[in-house]
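Novice: Residue numbers (my numbering), protein chains in the order written: chain A, 977 to 1409; chain B, 977 to 1409; chain C, 977 to 1409; chain D, 977 to 1409.
Treat the hints with care, since some could be wrong.
Any copy, or any two copies together, can satisfy a pair, since identical chains are not distinguished.
Said to hold, decoys possible - Derived EDC-like pairs (lysine to aspartate or glutamate); straight-line CA-CA distance at most 16 Å:
1. Lys1180 to Asp1271
2. Lys1138 to Glu1106
3. Lys1235 to Glu1280
4. Lys1188 to Glu1261
5. Lys1188 to Asp1334
6. Lys1066 to Asp1403
7. Lys1385 to Asp1236
8. Lys1364 to Asp1052
9. Lys1364 to Asp1322
10. Lys1133 to Glu1106
11. Lys1333 to Glu1186
12. Lys1388 to Glu1277
13. Lys1391 to Glu1215
14. Lys1019 to Asp1161
15. Lys1019 to Asp1334
Think of the hints as simulated: they come from the structure by calculation, not from any bench.
Protein chains: 4
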Amino acid sequence: MKIVIVGGGSSYTPEIIEGLILRHDEFPVDTITLVDIASGKEKLEIIGQLAERMIDKAGVPIELTWTLDRRAALKDADFVSTQIRVGGLKAREKDERIPLSHGLIGQETNGAGGIFKALRTIPVLMELAEDVNEICPNAWIVNFTNPAGIVTEALLKYGAHKKVIGVCNIPYNMTQSAAEILQEDPKDVRIEFIGMNHFVFGSKVLVRGENKLDQVIDALVSQSVDFSPANIVSSGWSETFLRAVNMLPNPYHQYYFQKDSTLKKDLEAYEDNGTRAEQVQKIEEELFETYKNPDLDIKPEALEQRGGAYYSDVACSLMSSLYNNSQNIMTVNTLNNGAIVDLPHDSVIEVNCFITKDGPIPLTVGRIPQQIKADILMMKAFEEQVIKASLSGDYYDAYRAFIMNPLIKEEKTAKMVLDELLDAHKDYLPQFN
Amino acid sequence: MKIVIVGGGSSYTPEIIEGLILRHDEFPVDTITLVDIASGKEKLEIIGQLAERMIDKAGVPIELTWTLDRRAALKDADFVSTQIRVGGLKAREKDERIPLSHGLIGQETNGAGGIFKALRTIPVLMELAEDVNEICPNAWIVNFTNPAGIVTEALLKYGAHKKVIGVCNIPYNMTQSAAEILQEDPKDVRIEFIGMNHFVFGSKVLVRGENKLDQVIDALVSQSVDFSPANIVSSGWSETFLRAVNMLPNPYHQYYFQKDSTLKKDLEAYEDNGTRAEQVQKIEEELFETYKNPDLDIKPEALEQRGGAYYSDVACSLMSSLYNNSQNIMTVNTLNNGAIVDLPHDSVIEVNCFITKDGPIPLTVGRIPQQIKADILMMKAFEEQVIKASLSGDYYDAYRAFIMNPLIKEEKTAKMVLDELLDAHKDYLPQFN
Amino acid sequence: MKIVIVGGGSSYTPEIIEGLILRHDEFPVDTITLVDIASGKEKLEIIGQLAERMIDKAGVPIELTWTLDRRAALKDADFVSTQIRVGGLKAREKDERIPLSHGLIGQETNGAGGIFKALRTIPVLMELAEDVNEICPNAWIVNFTNPAGIVTEALLKYGAHKKVIGVCNIPYNMTQSAAEILQEDPKDVRIEFIGMNHFVFGSKVLVRGENKLDQVIDALVSQSVDFSPANIVSSGWSETFLRAVNMLPNPYHQYYFQKDSTLKKDLEAYEDNGTRAEQVQKIEEELFETYKNPDLDIKPEALEQRGGAYYSDVACSLMSSLYNNSQNIMTVNTLNNGAIVDLPHDSVIEVNCFITKDGPIPLTVGRIPQQIKADILMMKAFEEQVIKASLSGDYYDAYRAFIMNPLIKEEKTAKMVLDELLDAHKDYLPQFN
Amino acid sequence: MKIVIVGGGSSYTPEIIEGLILRHDEFPVDTITLVDIASGKEKLEIIGQLAERMIDKAGVPIELTWTLDRRAALKDADFVSTQIRVGGLKAREKDERIPLSHGLIGQETNGAGGIFKALRTIPVLMELAEDVNEICPNAWIVNFTNPAGIVTEALLKYGAHKKVIGVCNIPYNMTQSAAEILQEDPKDVRIEFIGMNHFVFGSKVLVRGENKLDQVIDALVSQSVDFSPANIVSSGWSETFLRAVNMLPNPYHQYYFQKDSTLKKDLEAYEDNGTRAEQVQKIEEELFETYKNPDLDIKPEALEQRGGAYYSDVACSLMSSLYNNSQNIMTVNTLNNGAIVDLPHDSVIEVNCFITKDGPIPLTVGRIPQQIKADILMMKAFEEQVIKASLSGDYYDAYRAFIMNPLIKEEKTAKMVLDELLDAHKDYLPQFN
Ligand SMILES: [Mn+2]
Ligand SMILES: [Mn+2]
Ligand SMILES: [Mn+2]
Ligand SMILES: [Mn+2]
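Produce the complete structure using the sequences and hints provided.
Specialist: Written out as structure tokens, the structure reads:
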């Protein structure tokens, strides 16, 4: 069985390699091919060599190669994982800085920055989907690339290849944290999720079938526990908010329901330390220095602090479940198919699925609870507009996405920030030229 | 843990008793209470004594009692199984004979007969639901009573108690038959079902995640294998029909797509042997004779020929899965909740569900395939009308159900048959008086 | 302003010519072009000459031409009316005879015959729509051709030209009849219609805003008044049916709710006089003899008995309303657009519309009343399947339409009748070859 | 014919009296009864006497009375117009001041203020609806009371009386302005509206059937023309916004798409002149001084500046159209009924309707254009939550409405403002005590 890792030069790759090594018994990969683009050649080399050392150390019969020739790499692939970053961290820096400089949330997957990440990424993955469909039509694309929900919807609605699943570590993290709060084994905890990637709520926390949501909310109220991954700092939620929503929010919800305080905090952090992208660039440099060490033959500890912890864990579990027809429940991004009654059946949602060889089958969720309906419906319509703009390359389509977004909305600011971002990213937005 | 069997004097009860004995390790019932109405007292006594002998013989620590006092029986119940027959086999005889005498399909759960079975049954179960909700509000009602889909929808939409699940052996039988055709272990076979009770189609036959539908259809074409339970005789399907529908029909579909030939066959059978109800009355008399034998302390072989084989097996498995939070997949009648996109979210459908302590969660099915959409939509709207009539007791509501039904439809015949059935069943239709 | 009449050699044309002459003040047509196919050349000639005499006699400044060159004819057209009959009355004869010979309803727009009329017609009109869109893109197509609802849905969903409206005289006739019953001026009567062409019900009869439905139903009950056009003979409805449906049925409903008696009547009529098509052929021969008379310069009386009375009246009124932005209410076949909540928004329905220069805007109807929901949903899904088959030319698609249709449904008969019709019509069904 | 004006002591009443006098020929009212509550007795007296002088001067045969006994007043009413203000302008002052003092938009029908106006008003009108349904069940309620859309939805969904129509002058004003821009008679202009009260967009500007939207947008771009009524000052829209939305916004949209600048402007105005409510209180005092003048026997000029110009004009036209079964098109607040496909069929929308004696019938609008879908869906779900809170009196329900609202959203501010408003209005919110 063969896995192709698109964006193989990413600093995250050692984690996925580790995951594949650890699962080799149940998920016997025999070939891993790392692919990247020319500008990432050096990093790809470093990662390739580290990965080779890791595999050797583990003594598993996996053949590893790396290449810049994507089409050659895809040959005979069974799984294609995508973890690309169009424009690299430099682009992310602009996604964060430009909105912040106009007093807007500047974040990688939310607001203006998130829109531009989608605009740059979707066309690239649409091309990948065409290649996959032509070269390895039975392969599953497991998409890590953010904004994972929007990207997956674009691929599933308009792409050439329909075997695509999007993954995020947020549901995994939330389950881990809830298990910790309840002092339970995470295997015994199943949260019912409702919503979309980075806008998902946990409506029930089931422990062996009993709903312990109230207990978790009590803990959040009293201890200000939260579910944030390393990349975003959250301030906790007020009791009133938690009782009124009566669901578990995810860390990204702070951008929407604590916009002013989050913006203040983010602006201060920006003035102190620059954008998160700049920090990450430094972390990455250090990571790659570590990776170069010819004595390193395991995933280094330092990677855990990078922010995407468990991402590859989730992806490896998913691939193994698909391969083994495991029929277990995982939370992934896939077609709604009716699971959330009030959303279009062909929307992509983040939902608990029964995972089979034939793909994920969502468990039904039902109607959107009234207290989050307004936001879920709005965000889904917004996502549709982002996809439309990413494919049309139409200026007004992009502007429409801006004024729909609750982190922007202001008609005049929208134009200024849009114009500045379009200019800053023009090399990665051929559809707008 | 306590189970109450409403309609405990039924000839099927020994099967459920056997099921509970065999599953005692995983599903440790400690009390079984059989309930029935006054007119069934004698049968209840016979069944109670047989069940007691079976339990003694098995040596399991289950306490068994029987009573005519339903409210007393319900105290502390964890599960309530319902297998009642309002009006008994005499009423079924009328449901079969009267339509046949006017040249219409006369069948227990379809056409005019099925409508009247619903009209008699729903009000009785609505009352039971009120009692359950008052006396043992945490108990699950596992409803065997036909027409199981319609009855379950009535209870879930309009009843006092919302923990209700409907069961039928058809999906189980279809899975067994498909496994046999494919020479696979039924545990490895999962059919994707779409539709409603007794109007369900199998759209995929998944064996360890691979769809083997074509192979099963090939077998049906070449061998005229079919999925009929003992109570209905089926004639097999033409190749054209199977290829065009491209799904597995269930045996009851013959009433709709082979109406003329089925009617002819049924009329002949009726002339030769009377109604099915009359045959069953004879079988039942013999069964009860057998049951009386004080030496009998196991479920007698003869019961298997009675028609509802596996019904209790399905029900016992379901109760055990609920109790154990088994998180396995079973096909039951429950709220659509979006699983079939084109049906109302609060309809009851027969669908693969993930079974948890918290109840069944449907796996999404998606849009209804075009080739069966017309019939599924029609039958669901018809079912809604039957429920409406059962609750309103309005003559025109009943007539409307008649002219909607594809086995009746004819405006004048509808009236004649309706009037005759209303008169014949008037003792069991207080809402129409 | 120019009108092109496609199928101009039809015996109905004098009626539309008369309509255009009478409305010349409000609807000042200056050019009428009749088009037909080569095999209809002789009839076209006869009609052309009669129409010329009619125009001369009326003294209106209309220029009339006729041609076999459709593309030339379409140049500068403002309105294109379509009244074609692919395969002519010979084809209709087969649509009627073949089903009847297998004991099925044999009718021009219902059941197997109606399906085949659609299969022959849709591809021809799809081509016309392409021509119109290319040559006279601002023109309205006013479609008379049956089955008008199905044909219009095919054009609006899949055709190249979106300015298409379907017309039928049934709503007009029903309004006239209701007005007569109520002894009111038809101008003061507005029936609220719900459903599709030839399957439409009247849910309210509003006279100056007051609903007189009950009075009309009372009259139907007591006098057996009915709404049949000349081409179908209806037997009246039973009181129970009328009270239960509590709407005005249309004459075609007899095929569904009086199927057995209608079939019996139709079979007797067939044995006595052959098919309706054969009768019509005789009438047409006589009509054309009349038309040839060089002294005839008005629409002859005899035409009124032909069956489609008022069809052209409806079409002329509609064209005039579009031209004049009249903003009056007419009942036409157009996109649902939400008017009937339970049908797809892109279905074609027959509905009261506010007629503007910009096209018809349906008045909302709301949810389908429960008593007709099963049939409306079924028939709409059936219609979708007929359209699918007409475009795919797939045998199984056609078979699927057959088994969905309540006038066929029987799996084996379906195949026999389908095969016979496919063979009989093969010259007009290139997509199936 | 009798009209009852609930809130008859309002300063607007002379306008409606004038409207009824002017329309007396087509809409022959013979009795007008003004009703108000005890605390408004003095104003009611002033208005009653002025109205009497106006009627005398006009010489129309209308009998006018005024009373504090609402139930007596309703006897024999044909129309009930509602123009109440629960808590009076003092309450409005709080609705404006409290949010502003926390840096939120403080406005009568939007944001926190609008929510509280709804919370105070809905229960009072629910009681009125019960009285109307009991005392004059055939009467139409014509609701002026803001937030008119939300209030009308509450009444139509949950109220005892179903003949309720909501009116606003915004669509009327927008049509007048568009006509002015296009130099057309307003009678020839019909805007297609989509959305809800105070959140409605104009998607087409039809002049005799031709869409002149582009021309109107051009004018707005070049001249900064806008559609504001006197009560809100608007700053015009940027070209980019207008081109991207490609619809006519209404003046209230500034609160959503120009929130920051509007807030700044409103805060400045507040610091200079206090709240709008305070200004209005002064205007009202002056108005009532004017009204007291025993020589005044016509509607005084000064009233036109009050802000609600044309409101009564719209209401009188509507009542006349209902009475006369005029079958003209008016834009009112009524049940969606499918007109906007993506909104619930039982939502209230502001939509063009065909006005009949039987009530308004919406013209279908179709799907919500993508560029406004996010906002329309969000606002409708928000409105549903406001209604829920107004009926439940549940603190969390009110809080949920707050965090759904795009003018609030911030979790902590929401609580502060909510608590302060609940306390300030506690006398008018019995359901929350
Ligand atoms: Mn993520
Ligand atoms: Mn069954
Ligand atoms: Mn017709
Ligand atoms: Mn207003």
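Novice: One pair to classify: Lys1066 and Asp1403, alpha carbons no more than 16 Å apart. Within, between, both, or neither?
Specialist: Answer is within; shortest intra-copy Cα gap is 12 Å, inter-copy 58 Å.
Novice: Checking an output row: Lys1138 and Glu1106, CA cutoff 16 Å. Within, between, both or neither?
Specialist: For Lys1138 and Glu1106, the Cα distance is within 16 Å only inside one copy (10 Å; across copies 32 Å).
Novice: For Lys1333 and Glu1186, with the copy left unspecified, which applies at a CA distance of at most 16 Å: within, between, both, or neither?
Specialist: between (29 Å within a copy, 7 Å between copies)
Novice: Treating 16 Å as the Cα threshold, decide for Lys1180 and Asp1271: within, between, both or neither.
Specialist: Intra 46 Å, inter 52 Å, cutoff 16 Å: neither.
Novice: Since the copies are identical, ignore which copy is meant and state whether Lys1019 and Asp1334 lie within 16 Å (CA to CA) inside a copy, between copies, both or neither.
Specialist: Classified as neither; 35 Å inside a copy, 49 Å across copies.
Novice: Within, between, both or neither: how does the pair Lys1364, Asp1052 come out at a Cα-Cα threshold of 16 Å?
Specialist: Neither: 32 Å inside a chain and 37 Å across chains, both beyond 16 Å.
Novice: Indicate which option fits the pair Lys1188, Asp1334 if close means a Cα-Cα distance not exceeding 16 Å: within, between, both or neither.
Specialist: between (32 Å within a copy, 12 Å between copies)
Novice: Check Lys1188 against Glu1261 for me: Cα-Cα at most 16 Å, and say if that holds within a copy, between copies, both or neither.
Specialist: neither (43 Å within a copy, 52 Å between copies)
Novice: Which holds for Lys1391 with Glu1215 at a C-alpha limit of 16 Å: within a copy, between copies, both or neither?
Specialist: between (37 Å within a copy, 10 Å between copies)
Novice: Checking Lys1235 and Glu1280: alpha-carbon separation at most 16 Å within a copy, between copies, both or neither?
Specialist: neither (28 Å within a copy, 41 Å between copies)
Novice: When no copy is named, should Lys1133 and Glu1106 be tagged within, between, both, or neither for a Cα gap of at most 16 Å?
Specialist: Intra 13 Å, inter 28 Å, cutoff 16 Å: intra-copy only.
Novice: Between the shortest in-copy and the shortest cross-copy C-alpha distance, which are at most 16 Å for Lys1385 and Asp1236: within, between, both, or neither?
Specialist: For Lys1385 and Asp1236, the Cα distance is within 16 Å both inside one copy (14 Å) and across copies (10 Å).
The structure shown violates the earlier hints numbered 1, 3, 4, 8, 12, 14 and 15.
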